[in-house]
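S.K.: Start from the sequences and build out the full structure, keeping to the hints where you can.
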Amino acid sequence: MKKSSILWISSGFLLLLVGVVFLTTLPLVIMKIIDSKLVLSPDNPSWPLWRDLPVPIVQKFYLYNVTNAREVQSSGAVPHLQQIGPFVYRLYIKKNDINLTDSGRSVTFNERMTFHFDRDLSVDGLSLQITTLNAPLAIALQLIDNIKSPIFKGLAKFALNQLNED
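In terms of the working numbering, the sequence shown opens at residue 43 and continues consecutively.
Derived by calculation from the structure, the hints in this document are not laboratory data. Any given hint could turn out to be false.
Pairs of lysine-lysine residues, derived as PhoX-like cross-links and limited to a Cα-Cα distance of at most 25 Å, are as follows [unchecked claim]:
#, residue 1, residue 2
1, 102, 137
2, 102, 136
3, 199, 136
4, 79, 136
M.R.: Next up, the structure:
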């Protein structure tokens, strides 16, 4: 065999060996580095960002206004809904009473969330009156309608009427 052939074969085996070593150890090394950087402790650079989120979370809410509320209430008409929104709030989150427990393996804390209404990004102010459906009551009435037994149906209607009077 020629000297160059032996050199090429040796280089190929060496590269194969290096590839196998990297293929088996590189994922373990990467996971070890990631685990060391993700530890939540006061000396970690990400601790202040976790404790006091510096950027507010913007939340948008849309409500559905019943435009024919009188007809729905008086004659049981199908409600006509009009989407109104967005009503925009900025959510600020701060963690309090932070305790590292179990040798630093777990963290307990209380979280305080504060919502600030953003009038500039919202469709209207907070004084806007909106008529909505009482979803829990509508579901309860639907369930009562599905009851087969007249006795249980009567009891359920009686119970709802008692709640309505209070």
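S.K.: Which hints, by number, does the structure contradict?
M.R.: 3
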